[in-house]
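Novice: Here is what each chain is made of, one letter per residue.
There are 2 protein chains.
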Amino acid sequence: MYGLIGKIKTHPGQRQTLIAILLEGTGGMPGCLSYVIAEDASDPEAIWITEVWESQASHQASLGLPAVQEAIGRGRPLMAGFGERFETRPVGGQGLLASE
Amino acid sequence: MYGLIGKIKTHPGQRQTLIAILLEGTGGMPGCLSYVIAEDASDPEAIWITEVWESQASHQASLGLPAVQEAIGRGRPLMAGFGERFETRPVGGQGLLASE
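Chains as they are written, first to last, in this note's numbering: chain A, 70 to 169; chain B, 70 to 169.
One or more of the hints may lead you astray.
Because identical chains cannot be distinguished in the list, a pair is counted as satisfied if it fits within a single copy or across any two copies.
[What the hints assert, rightly or not] No more than 25 Å apart at the CA atoms, straight line, and that leaves these computed lysine to aspartate or glutamate pairs for DMTMM-like: (1) Lys76 to Glu123; (2) Lys76 to Glu139; (3) Lys78 to Glu156; (4) Lys76 to Glu153; (5) Lys78 to Glu93; (6) Lys78 to Glu114; (7) Lys76 to Glu93.
Quick caveat, the hints were computed from the structure, so don't treat them as lab data.
Based on the provided sequences and hints, a complete structural model is requested.
Specialist: Structure (structure tokens):
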């Protein structure tokens, strides 16, 4: 498995809009075993995305999906930048979707 | 929802043992919607745990579960310390278990 933990900073007041775009554009991605969108509890302009993929290749392929492309296009102007980013190798746990 | 993203550092060579203990001790926790254990891709002694709970109270309550207590007891001597820790408010996504 391949995992990503990453923080996105939005322009002031844009967090809810970006979250809505991300929720809409990231369903049903092949090879995606978990994709959780969260607000940072202490920074009102920050979003965390934690992802688990079958492989790095399935993550890479997701970036070309039409719905993801559309979300990136609509979301990018709302982003002020990126914060921390960690690559992981998930090994198990609870709440991982079955591979397709 | 209540979320945690946290890094644990293990003593040299103890990562796999700690992961096995965590996998064993963290199943079926009430109010746990996601609990993913991952190796850090670049640090051979680091583990990431990403958690989603129904509420902060359900996370707090989990720390008193016998299986979790046992895992903490067995795991603690293998830990060298903690790294980054972020509190979040998850809003949705893929792979969240249904609330019980």
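Novice: If a hint holds in the structure, say so; if it doesn't, say that too.
Specialist: To see whether the hints hold, each was checked on the structure:
For the identical chains of this complex, lysine 76 and glutamate 123 are neighbours both inside a copy (21 Å) and across copies (22 Å), given an alpha-carbon limit of 25 Å. Only within a single protomer do lysine 76 and glutamate 139 lie at most 25 Å apart by alpha-carbon distance; the minimum there is 20 Å, versus 33 Å between protomers. Taking the closest pair of Cα atoms, lysine 78 and glutamate 156 come within 25 Å of each other both inside a single copy (18 Å) and across two copies (15 Å). Both within a single protomer and between protomers do lysine 76 and glutamate 153 lie at most 25 Å apart by alpha-carbon distance, with minima of 5 Å and 13 Å respectively.
Taking the shortest alpha-carbon separations for lysine 78 and glutamate 93, only the intra-copy value of 19 Å comes in at or below 25 Å, while the best inter-copy value is 36 Å. Within a single copy, lysine 78 and glutamate 114 get their C-alpha atoms as close as 6 Å, which meets the 25 Å cut-off; across copies the closest is 29 Å, which misses it. Proximity of lysine 76 to glutamate 93 under the C-alpha cut-off of 25 Å is restricted to the intra-copy arrangement: shortest distance 18 Å within a copy versus 29 Å between copies.
Going through the hint list in order, the structure satisfies each hint without exception.
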